[in-house]
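Top line first, the protein sequences correspond to chains X and V.
Per full-length UniProt numbering, numbering through the first sequence is continuous, rising by one, with the last residue being 482.
Per full-length UniProt numbering, numbering through the second sequence is continuous, rising by one, with the last residue being 847.
Treat the hints as calculated values from the structure; they're not laboratory data.
Backbone N, C-alpha and C fix where the C-beta goes; we use that ideal spot for every residue, glycine too.
Please note: incorrect hints may appear among the correct ones.
[Stated by the list, open to error] Straight line, CA to CA, 25 Å or less: simulated DSS-like cross-link-like pairs of lysine-lysine:
| no. | chain 1 | residue 1 | chain 2 | residue 2 |
| --- | --- | --- | --- | --- |
| 1 | X | K165 | X | K220 |
| 2 | V | K373 | X | K342 |
| 3 | V | K185 | X | K220 |
| 4 | X | K58 | V | K342 |
| 5 | V | K185 | X | K218 |
| 6 | V | K203 | X | K66 |
| 7 | X | K342 | V | K352 |
| 8 | X | K363 | V | K185 |
| 9 | V | K146 | V | K125 |
| 10 | X | K126 | V | K203 |
| 11 | X | K218 | V | K203 |
| 12 | X | K50 | V | K281 |
| 13 | V | K323 | V | K333 |
| 14 | V | K164 | X | K363 |
| 15 | X | K165 | V | K203 |
| 16 | X | K361 | V | K164 |
| 17 | V | K342 | V | K323 |
| 18 | V | K164 | V | K125 |
| 19 | X | K58 | V | K281 |
| 20 | V | K119 | V | K454 |
| 21 | V | K185 | X | K361 |
| 22 | X | K361 | V | K125 |
[Said to hold, decoys possible] Ranges of calculated distance between the beta carbons of each label pair, as one might list FRET restraints:
| no. | chain 1 | residue 1 | chain 2 | residue 2 | range |
| --- | --- | --- | --- | --- | --- |
| 23 | V | P559 | X | H28 | 55 to 61 Å |
| 24 | X | D340 | V | R356 | 20 to 26 Å |
| 25 | V | N384 | X | Y330 | 55 to 61 Å |
| 26 | V | K333 | X | H28 | 18 to 24 Å |
| 27 | X | E108 | V | L116 | 55 to 61 Å |
| 28 | V | R356 | X | F341 | 17 to 23 Å |
| 29 | V | E136 | X | D340 | 36 to 42 Å |
| 30 | V | D175 | X | Y330 | 51 to 57 Å |
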Amino acid sequence: MAMQPHSKKRVCYYYDSDIGNYYYGQGHPMKPHRIRMTHNLLLNYGLYRKMEIYRPHKATADEMTKFHSDDYIRFLRSIRPDNMSEYNKQMQRFNVGEDCPVFDGLYEFCQLSAGGSVAAAVKLNKQASEICINWGGGLHHAKKSEASGFCYVNDIVLGILELLKYHQRVLYIDIDVHHGDGVEEAFYTTDRVMTVSFHKYGEYFPGTGDLRDIGAGKGKYYAVNIPLRDGMDDESYESIFVPIISKVMETFQPSAVVLQCGADSLTGDRLGCFNLTVRGHGRCVELVKRYGLPFLLVGGGGYTIRNVSRCWTYETSVALGVEIANELPYNDYFEYFGPDFKLHISPSNMSNQNTPEYLEKIKNRLFENLRMLPHAPGVQVQAIPEDAVNDESEDEDKIDKDERLPQSEKDKRITGDGELSESEDEGDARRDNRSYRVPQRKRPRLDKDAQPKDDVKAEDSKDDVKNVSNMEEPKKEVTSNA
Amino acid sequence: MAANMYRVGDCVYFETSSTSPYQIRRIEELNKTPSGNVEAKVMCFYRRRDLPNPLIQLADKHQMAQSEDSPVAMKLKKICLKTPIGEEQAAQAVLDPAIVAMEEESTELPGGGEGLPPKQRHQAKHRELFLSRHVETLPATHIRGKCTVTLLNETESLLSYLNKDDAFFYCLVFDPSQKTLLADKGEIRVGSRYQTEVTNLLKEGEEDTRTSSELETLVWTPAHGLSDRQIDQFLVVARSVGTFARALDCSSSVKQPSLHMSAAAASRDITLFHAMDTLHKSGYSIEAALSSLVPASGPVLCRDEMEEWSASEANLFEESLDKYGKDFADIRKDFLPWKTLKNLVEYYYMWKTTDRYVQQKRVKAVEAESKLKQVYIPNYNKPNPALINSAPNAASKGAVLNGGTNGTAAVSPSLCASCQVTNSNHWYSWGPQHLQYRLCGSCWQYWKKYGGLKTADVFGESEAEVVRSARAEGEETALSVSHRPHRCTVVNCAKEFKLRAHLARHVATAHGGPGEGARPVMKTRAAFYLRASPFTRLARRLARALRRPRHFARSPFSPINLHQVKHECTIAMAGLGGAEMRGAGAAGVPRARGPVGAVATRLAAALGTAAPRAQEWLVLTPRDRMPTPNHVAFPKPPKAPDGSLMYERVLSRAEQEARRNEAAAQAALPAPPALKRRAYDDVNGLDRGAGGASGAREGGAPPAKRPNKHPAPMQRPSREQYAAMCARAQATGQPLPAHVFAHVNGKPTNLTGRGGRRHVISWMDAPDDLYYRATEAAKSARRSLSCGDLRRGARAPWRAMRGALVGVGALANAGALLGGGALAGAGAGKAAGAGAGAAPLQLVILD
Ligand SMILES: [Zn+2]
Ligand SMILES: [Zn+2]
Ligand SMILES: [Zn+2]
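This is chain V alone, in the form it adopts within the complex (with noise of 0.2 Å):
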C-alpha cells in the first residue's frame, strides 16, 4: 500500500504524546537498528503554538508583508527579515513604534488579512509551520500518516491548504537554539561588483576579433563521405588489430592467456576512440587510415588504464582504496607513486565496472542494509488513551451528571468543546483534567493534526489559554521525551530548556520564581521570598501607583511602572523629614476597624439586615482581664539601667569567622565537610547548641537545608527599627516574629543584595513536598504525650522529645512524631525534613 509506505523525503505526523497534537516532521534517513526497529532520522517543522510569543508576532507581520506588495509591507519586510533575528531584536522589533505605525496603517490596506473570513483565518493559522533545521531520531512505529508542507507561495491563497487535508505551508525558518526566524529566501546582488559588462553588438563592418581556429580543434566531422557500413568495417577492422596486436604483445599474452580476452580488449572504447582519431586523420580515406594502424613498427595497440594496469597493482589500489577511501592524492603517494593522479581516476571509473568491484559493494551493500529507502507502517489502530471508554449514551449520562456537580466547566462536558455537536461516536477528553472538556472524533482528529480547535470563538480570548494548558497536560502524559522544549512563561521571556528541571532553574534565577504561566513547571518550585527594602516599604506608602495593593496583590504579574514610582517617590520624600520617613517606612500603623462586634455590625447594616445581637463570644475579653499564662514562651530579657532591653549578644561573621578558625587551630578535629548533607542531629545539634551555631552555619557557602524555615529575612532591623518593632508589638499584644530574637545587634548581611531585589534561595535547596504518615505505633505514642509535649513540639518539630515514648523507640523528634499537624505549617514540614531518619515513621514524598 502505497499510503503506508513511508518513504525518506515525505512529510510526516509523529505521535509522541498521546494527548498533545502530532508532531510534524520530514523523514531524512531511515535505518534499521541492531534489534530490527527502524528509526527515522527526521527534521522538524514546528507549529506556531511550539513558537515564543515575539516571534509569532514577527512572523506574522512577514506574512503580511508577503501577501501584499505594498511599500508599506516591503519596507516591514526589510526591517523585520533583514537578517536572522534575535529574541531580543524581535522584542524590539516589536515594540518597534514606527512599525506599529505601519501596522496600523497596513490594515487599512485592502485585501489585509488575507480577506478571509474570521473562522477560516483561525484555522488557517493551525496549517502554518516553521522549517527548521533541527534534526531529531524517532522510532518509525511512531508515525500517524502523511502530510504535505510546502513553501507558500505569493499566488497562492490560503484557501487553497485548508481545503486539502494534512496541507500545511511554512514561510520561514525557525531556529530552536538560537530562537530566530529568518525567511528561507537568497539574495540576487545588484551592484558592479556582481553584474558583467554586457557586450556591446559589433557594429557594421567591426571585426570579430575571435577566430574559432584558436578556440577549438576538430577531432571529427561528418561531413566526410563515408557511409555507416565503412565507418563500422573499419571499426572491426581496427578491433582486429588490436587483437592481433596482443597476441604479438608478450606481457599481454600473458594477461590475456585466450583469444577472447585479447578480443575483447581490443574492442574497448580506446581502440575505437583512436581508430576515429586515425579515420579523421587520414582524411577519411580507408587506406590511409588502416596503413596507420599498422605502421612498420607493428599493428597499434591501445590499451587504457584497465589494462595497462597489472595485477599486482589493481592489488594494490584496492589494498589501498579499503585504507584511505577515495582520497586518490594520499593512495598515489604512498602505494602507487609511480601513477599519475589521472592514471587513478580513470582506472578506478573503470575498476567500478569490475567483478572484483561487484563483489565488494554487495559486502557493502549488506553493510548498507541498516540504510532504508522506505519502510512500511501500518495503520495505527491502538485506542488512544484520551478517548473516553464507555459506551456513548452512559457516558454522555455520566457527562451530565458531572456537569452538574461541576459548576466550573465552561461549556458543558456533553457538547463537544469544539463544534458543540452532541453525537458523535468517539468522545475524547481535552484539555486540563478539571476541567473535563471533550472533543468529539473529527474535532479531536482536528485538534492531532493541527494543533487547536476548529472554531476561535468557542473560549472567545480565552482559547490560547485552554490550549496551553492543555499543552502542559499532554506534556505530563508524554510518552517519550518530547523535542517540544520547556519554554518560560514569563512574558518577553519565553527561554526554552531541555529538562524541565533546567527551566525551573532558570524561572527560579532569572524572574525570581515561578512565572505566571498555569503550567506545573516543577514538582517544588523554588523557595523565595520577597524582601522589601525600607524604601520599597516606603514606596508602597508614598506612591500612588502602588495604591492598590489588593489589586496587586491578585495579580502579582500585572506590570507596576515604575518610573512612576520612582518619580511620586521622590517627590514625596522631598517633603519628609529623616524622622517620618522612617516612621513611614516602617510597618504602618494598622487601620483602626474597631472591635470585631461593630465590624459585624457595621456589615449588617451595610447588608440591610437586622444588627445581630451581640454574640458574646464576639466581645473581646478586657486585657487586664485576660488569664496569664503559667509558663511564658518567650520571656523578655532584663532590662539595662537605661531601660533598653539587654540581648544576649550574638556574634557578628568577621567574630565568628575567626572564632571558628581559632578552634579549627586549636582542635585537630576538622569541621565536618560543609557540603555534606548534615544528619540529623547534626541539624538537630543547632536547638541545643545556641543561637551563635546557627550564624556560624552561614558562613559555609552554599547555605543548606536550613532547620528553621520561617521565610526569615535576612537583613537584621537596625537598633531603631528593632525597638520601633518591638514597641509596637507590645503595644498591639501581637508576639515579636520569632526571627527578630535571631538577628539583633548585626550589621545587614551581604546575603541581600540591593533593596528590593527578591533574594532568591537556591531552588536546589528546595525541599521536595512531603508528609508524614503516621504509623499506629506514632499514633499511640503521640496519645501518651502530654498537651504540654505536643505543644512544644508543634513550636520546635525539631526538638527531641523528652518524656516517655514508650513503645516508640529511643530518639524521635516531635516533627516526625507529630507529623501531619507539625508540617503542615509553613516552613516546618522544611525543617523536619531532614529529620526523616525518625525511626517508626514512614516518610513519603510526594511525587
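For reference, chain X alone in the conformation it holds in the complex (with noise of 0.2 Å):
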C-alpha cells in the first residue's frame, strides 16, 4: 500500500453534546467548552458529515479500575462541591481541591472523557476504523491514584490498555506542551508500550521528562522524552519530530498509535511557551496518520480556547484527508475568531530557545537510547557480513557488557527496512569511511543475500503496518498540495 498523504480514511469521531457545559471553575484555565467550539467548527465546516459520528457510553468504574486504583475511582464518583468538606484528608491524598478542582459533574465529564477514548480504541480493535478522534480524551497526567495538571482519569492509558488487546506494541506520542507524565508512569515498565513525549522541560509543570527517563526494568528504552525550550516554532518542531518519530516506528514497530494532540503548544496558548501554529500542529498528526496504522487521536492541554478549537477542527480535516478554507465558516462561536475570523494563526516573533545545535544533540542522544532496543519480534534477522566483523569487536570494547548485547545483536539482525535515506543519499565517497553508526546502516544495502524487505511485516500484516521510512517525500507532497 503505498502512502496517501491525504488519503480517505474510515474516520470515527467521538462527542457527547454535553462535553461543553462541564466548568472547572471561575478563573480555571481548563474549558470543555473548547470541545464543543471545535464541534461546532467542525460541522459548519462539513466535516462532521463525512466521519462517523459516536456520542460515547460514559465509562464506568469497572472499566476505569482498570488502571485506576478502586478507591480514587469511588472517591472521585462521590465527590461534589456541596460534599467536598467530609472528604479533605482523602481530597489532599488524591490531589483534588488546587489545579484540580471539584466541579459539577466533575465524574461524569471524567466518564464521557475515558468512555470515549475507551470506545475508539474498541472501534481500532474491531478494525471498524482506522482512525479515531476523541477531542474530549487527552488527560494526559492523570496517574493511577492521583488526579494531577487538570486531568482526573487518564482515558489514554485505559484506551491503550484496550489497545493491547490486539497489539502487541502501542505508540504513545504527545505533542502537549506538557510531558505527558501519567502515561508515561503507568507503562514505565512494559515494553509493549513506548511513550514518545515531546514537551518543554525546566521549570515547568509537572516537572519530569528529563531526557535522561527511559524507563524502567523491561520498559527500559521504551520512555522516550524530549526536552524542549520555549520557543519552538514549526520548523524546529518538524526537524526533532520527523526523525525521532521515524526512528521510533523503525526499532519500536508499533501496530497501533496513539497521538495526544495537547493544543498548548500552540503559539499564544494563555499556560504554553512554545511557537507553533495550527499547520505545524497539524502536520505531526499528518506524518503520523502517514504509516498507516491503527491511529487513535485525542485532545488535551490547549488554553487558548479560540487555537485549540481551530487546530483540532484542523487536525480533524487532516485526519479526514480534507481540506478546508483558511475562511471560518458562520458558526454560534464565530465571535471568538476575530478580528481575522481566519483557521491559520501566525507564529509570534518570540525567540526560538531551541538551537539546531541543542535540538540535534537531543536528538543523537535519543537514537542512541533506541538503538539500545532488542530487535522487535517479526523482524528479519540477518546475517552478519564477513567484512563487519573486526570492525565490530572493536566496537565491542567500548560498549558497556551489560548493554551491549541487545544493541550489537539488534545492529547485526535487523535489516535496513525503514533505514532513513540519509545514509543512502551519503552516497558512495562515505563507503569506507566507516564510523561508528555508518556500517551498520550501510551493511544491510552492501549485503547481497538481504531477502525482500517486504517480507519483513509478515507478522504484522494483519494491521497493515507500512513502515514509511522516508520522510522527505511526503514533505515534498505537502507543499505541492499546500
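Fit chain to chain and form the complex, with the hints in mind.
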C-alpha cells in the first residue's frame, strides 16, 4: 500500500453534546467548552458529515479501575462540591482541590472523556475504523491514584490498555507542551508501550520528562522524552519530530498509535510557551497518519480556546484527508475568532531558544537510546557480513557489557528496512569511511543476500502496517498540496 | 526595534547598582503605574556569587553528577539532592566524609571537570545561574538588555554557552528564604501503585468481551448515499422551518420582531445539529426527515440557551456576573434558581459572543490597559559613574603617578585589572576605591553581565576576595534598594538579611561581634568585649594549642581546636594544686625584659650594628628618686588593723533593690522610666551620687548607655583575686585599673554567662561614631583652663567644669569642652555622647 498523504480513511469521531457545559470553576484555564467550539466548527466546515459520529457511553467504574485504583475512582464518584468538606483527607491524598478542582459533574465529565477513548480503542481493535478521534480525551497527567494537571481519569491509558488486547506494541506520542507523565508512568516498566513525549522541560509542569528518563525494568528504553525549550516553532518542531518518530517506528515497530494532540503547544497559549502554528501542530498528525497504523487521536491541553478549536478542527480535516478553507465558517461562536476569523494563526516573534545544535544533540542522544532496543520480534534476522566482524569487535570493547548485547544484536540482525535515506544519500564516498554508526546502516544495503524487504512485515501484516521510512517524500507532497 | 522590545517572558539584565553586575531577571508582568511609568514584575535568577558558600559547593557536586553518568556521580546526586537541602544539611553534606571521598574518587574519572581548559572553566562559572521563585518589582527603565537563560541539558557542553553572548544556564533552583537548593526535576515513580497492569494480547480464539454497541451510539455516518448538495439543501429547509416556526410562536415574535432576526435565530447551530440528527434518524431519507421536521404538532422549533433566555433573565445574569464573577453555582443559587448549571454555562459562552459582552469587555480592556504585553526600552546611554572621565591620555598619566606613590596596588592601575591591556577607549574604576583598579571597556562589560573577571589568574587565589570587596563597594552605591540580601560573612553561617541593620544584629548576637568579613557591614560595630574566665586564662597558659598568642591575635578568625585545648588542660590541671592554679589563672608574671636600654642594646647587637651609647633619657629614673605628685589621684584607702585595705562598702544587688523599693514606697516620686533616654544631668548625677548609684542603674532591664565605657568586666574579682591584683599593681608600680574600685566585694553578677563566653552589649546601645568640633568659643574657653583642670577634664569627661567658663555659658562638661582629646581616648567618647547637650559645641555624628 503506497503512502497516501491525504488518503481517505474511515474516521470515527466521539463527542457528547454535554461535554462543553462542564465548568472547572472561575478562573480555571481548562475549559471543556473548547471541545464544543471544535464540534460546531466541524459541523459548519462540513467535516461532520464525512465522519462517523458517535456519542460515547459513560465509562463505568469497572472500566476505569482497569488502570486506576478502586478507592480513587470511588472517591471521584462520590465527591461533589456540596460534600467536599467530608472528604478533606482524601482530597489531599488524591490531589484533588487546587489544580484539579471539584466541580459539578466532575465524575460524569471523566466518564465521557474516558468512555470516548475506550470506545475508540475498541473500534480500532475491531478494525471498524482506521482513525478515531476523541477531543474530549487526552488527559495525560492523571495517575493511577492521583489527579494531576486538570486530569482526573487517564483516558489514554485506558484506551491503550484496550488496544493491547490486539496489539503487541502500541506507540504513544504526546505533543502537548507538557510532559505526558501520567501515561509514561503507567507504562514505565513495560516494553509493549513506548511513550514518546515532546514537551517543554525545565521549571515547568509537571517537572518530569528529562532526557535521561528512559523507562525502567523491562520498559528501559521504552520511554522517550524530548525536553524542549521556549519558543519551539514549526520548523524546529518538525526537525526533531520527523527523525525521532521515524526512528521510533523503525525500531519499535508498533502496530497501533495513539497521538495526544494537546494544543497548549500552540503559539499564544495561555499556559504554553511554544510558538507552533495550527499548521505545524497539524503536521504531526499528518506525519503519524502516514504510517497507516490504527490511529487514535485524543485532545489534551490547550488554554487559548479559540486556537484549540482551530487546531483540532484542522487536525480533524487532516485525519479525514480533506482540505478546508482558511476562512472560518459562520457558527455560534464565530465572534471568538475575531478579528481575522481565519483558521490559521501566525507565529509570534518570540525567540526560539531551541538551537539546531541543541536539537541535534538531543536527537543523537535519543537515537543512541533507541539503538539499545532489542530487535522487534518478527523483524527479519540477517547474517553478519564478513567484512564487518573486525570493526564490530572493536566497537564492542567500548560498550558497557550489559548494554552491549541487545544493541549489537539488533545492529547485526535488523535489516535496513525503514532506515533513513540519509545514509543512502551520502553516496559511495563514505563507504569506506566508517564511523561507529555508518557501517551498520550501510551493511544491509551491501549485503547481497538480504531478503526482499517486504517479507519483514509478514507477522504484522494483519494490521496493515506500512513502515514509512522516507520522510522526505511526504514533505514534498505537502508543499505541492499547500 | 525588536531588540529593544521587551516582552513578558524575556530574560533581561537589570541594573540596580551602577558598579555591581547586572541582575538577571525574567519578566513575568509589565504594569503601567498611574504615573505612567512601567513596572516589571520579575523573577530572580541568582549568580553563583550571590549564593552562600556551602550551597555553591553543593551545586558543584551536583554539576559533577550531572556531567557524568558514572555510578559514583549517580550516588552523589542521590545523596545531595534527594529533597530540598537545608542550610545545615548542606553544611553537613559538604563535610560528609563519604562524599568527600567520592569527590576525590570522581576527580580521577575521565571527563571530570568538563574537560575544559581552566580559563573556560572559570568563565563557565559566570554563566551559571540559579533559578528562584522569588519575585520582585523593578522599574522597567532599569532594563539593560536581553539575555537567555536555559536549563542545562547534559548533552550540551558549557562551551556552547561561552561561545554565545548573554547566554546563561541553570541546573538548580535556589530558595533564598530557606537557603536551599533543589533540582527542578520531577520523578516517575516505579511500583505497583503507579504502573498499570498491562493487558495481555488476546489468545487465539479468545473472545473479546467488548462490543462497540455498548460503548457508543452512532449519531451520524458518512455512508449514506446523499450528496453534499442534498445535505446542504436539507439544512436550508430545516432553517426555513425554524424561521416559520418562530413566526408562529408568540414569545419568539416579541423577541424577534423582524423576519431577519427570526431567520438568524433559526440559523443557529442547534437547528443544524437537530437537522443532522433528524436525517440520521430518518435513515438518510430526505423525505422522511422532512416530515419529521414538520410533525402534526407544528413545525419544529429548536432554541438554544441564547434564544431561550428572556431579556430580564439576561439582565439578571449580567448583574450577577458583575457581582459574583463566574461562580455559576452561586449565580444560580441567588439569581437564577430556575436554570440549571448547564443552562448557565452554555448561556455564558454564547453571551460572550454578544454585543453586550463586547461592550463590557471594552470597559474591562481599558481597565486592563495597565497590563502590558511588551515595553520598549531604548538603549541606555548615560555614562556609568564608574567611568573614568578624563581623556585617555591624561587618565593614564594620572594613574601612573598614583601608581608610583601608591605601592599597595597589586596591579599597576594603568593596566586593565582583568586582561592587562593598556589601551582602551573607556576605563572604569572597579573594586575597592583604595586599590584603584580599573577595567577596560570590554572587561567592564563582562563584569557587568557575567559578574566576574575574564581570567581567574590575575589575582591568583585572591580574586574572590577582590570581587567580594568590590561587591561591598557596589552595595554602598546601590541606586535603589538592592534585592541582594546582606549576608553574614562568618564561615559556615552565611545567613542573609534584608537590612544591613539586621545583619549587624545577627553578627552581634550570633557571633559576638563583627565577623571576619572585610566588608563594612555596619557603620558602628556592636559593642562587645571578651571576658576571659579564670579557666580561659588558665587554659591560655596551659594548653599547647594556644601557645601562639601572637598568631591568634593577628588572625582572630583562625579556628582553635577546642577539644585539644580541653584535653590538654584537664591533663595539666590534674597536676596542679589549687593555689598554683589560682596563680596560673591570674594574670601571669610579666616576662622580664630588662630595662629599655638593655633591650635596645640587645636589638642593636642582633641587628649587627654598633651598640648605641646608652641615651641618657633611656635610663630609668630610680624609684626612690621619682618625683612625688602633690596630689594623689587615687589615694589608697585606710588600712584595717589586720593590714588589709578598707573600702567603702558597695551594696549588693539585692540590697540595692531592697533599698530602692523602700525609697520608692516612701517617696511618692516615681522613679524615672528605665527606657527613657537619660538627660545629661541625669547621667552626670552618677558622678556626684557615689558608686551606689551606678549599681542601682544596673538593675534596669535594658542597660542604657553607660557613662563610663571602659570595657569593664562585669564580674567582680574574688577577694583573693583582688588582693593579688593590688599586690601586683603595687609591685609593678602600675596604677590599678579604674574599674577595680567600682566592683569590689560583690558576687559575680549573672550578667556574664558561663566562663569564656563573649558577653555582648546590645548593639542598640552602641553609640554612633562621633566627634566634637570645637567652636572658637570652646577653644578660647579651653585656653582659659588651668593645666590641672584640663587634665582633670580629660580624665573625667562627664564632670561639670568648675572654674572660669567665662565666655562659654553656664554649664559645659569637660568632655564636650575638651572635645577631641578626651573623646578620642577609647571609651570616653561614649560617655560624652550622652552629654551632647553642651551648648556651645557643635556635635557632628559621623555617618
Ligand atoms: Zn498541557
Ligand atoms: Zn580588560
Ligand atoms: Zn552569621
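Against the structure, the hints:
1. X:K165 to X:K220: Cα-Cα ~22 Å, so holds.
2. V:K373 to X:K342: The hint holds at about 23 Å.
3. V:K185 to X:K220: holds, 19 Å
4. X:K58 to V:K342: holds, 18 Å
5. V:K185 to X:K218: Holds, at roughly 23 Å.
6. V:K203 to X:K66: Status holds; Cα separation ~19 Å.
7. X:K342 to V:K352: This hinted pair holds, its Cα atoms lying about 19 Å apart.
8. X:K363 to V:K185: Measuring from Cα to Cα gives roughly 21 Å; hence the hint holds.
9. V:K146 to V:K125: holds, 19 Å
10. X:K126 to V:K203: Satisfied, since the Cα-Cα distance of roughly 15 Å is no more than 25 Å.
11. X:K218 to V:K203: With a Cα-Cα distance of about 22 Å, the restraint between K218 of chain X and K203 of chain V holds, given a limit of 25 Å.
12. X:K50 to V:K281: holds, 17 Å
13. V:K323 to V:K333: OK: K323 of chain V and K333 of chain V at ~13 Å, within 25 Å.
14. V:K164 to X:K363: Holds: K164 of chain V and K363 of chain X sit about 22 Å apart, inside 25 Å.
15. X:K165 to V:K203: holds, 9 Å
16. X:K361 to V:K164: holds, 17 Å
17. V:K342 to V:K323: holds, 20 Å
18. V:K164 to V:K125: holds, 14 Å
19. X:K58 to V:K281: holds, 22 Å
20. V:K119 to V:K454: Measuring from Cα to Cα gives roughly 8 Å; hence the hint holds.
21. V:K185 to X:K361: Holds, because 20 Å separates the two Cα atoms, which is no more than 25 Å.
22. X:K361 to V:K125: Holds, because 22 Å separates the two Cα atoms, which is no more than 25 Å.
23. V:P559 to X:H28: 55 to 61 Å: Between P559 of chain V and H28 of chain X, where Cβ atoms are some 57 Å apart, the hint holds.
24. X:D340 to V:R356: 20 to 26 Å: Cβ of D340 of chain X to Cβ of R356 of chain V: about 23 Å, so the range 20 to 26 Å holds.
25. V:N384 to X:Y330: 55 to 61 Å: holds, 60 Å
26. V:K333 to X:H28: 18 to 24 Å: holds, 19 Å
27. X:E108 to V:L116: 55 to 61 Å: The hint (55 to 61 Å, Cβ to Cβ) holds, given that E108 of chain X and L116 of chain V are roughly 58 Å apart.
28. V:R356 to X:F341: 17 to 23 Å: holds, 20 Å
29. V:E136 to X:D340: 36 to 42 Å: The hint (36 to 42 Å, Cβ to Cβ) holds, given that E136 of chain V and D340 of chain X are roughly 38 Å apart.
30. V:D175 to X:Y330: 51 to 57 Å: holds, 53 Å
The structure shown violates none of the earlier numbered hints.
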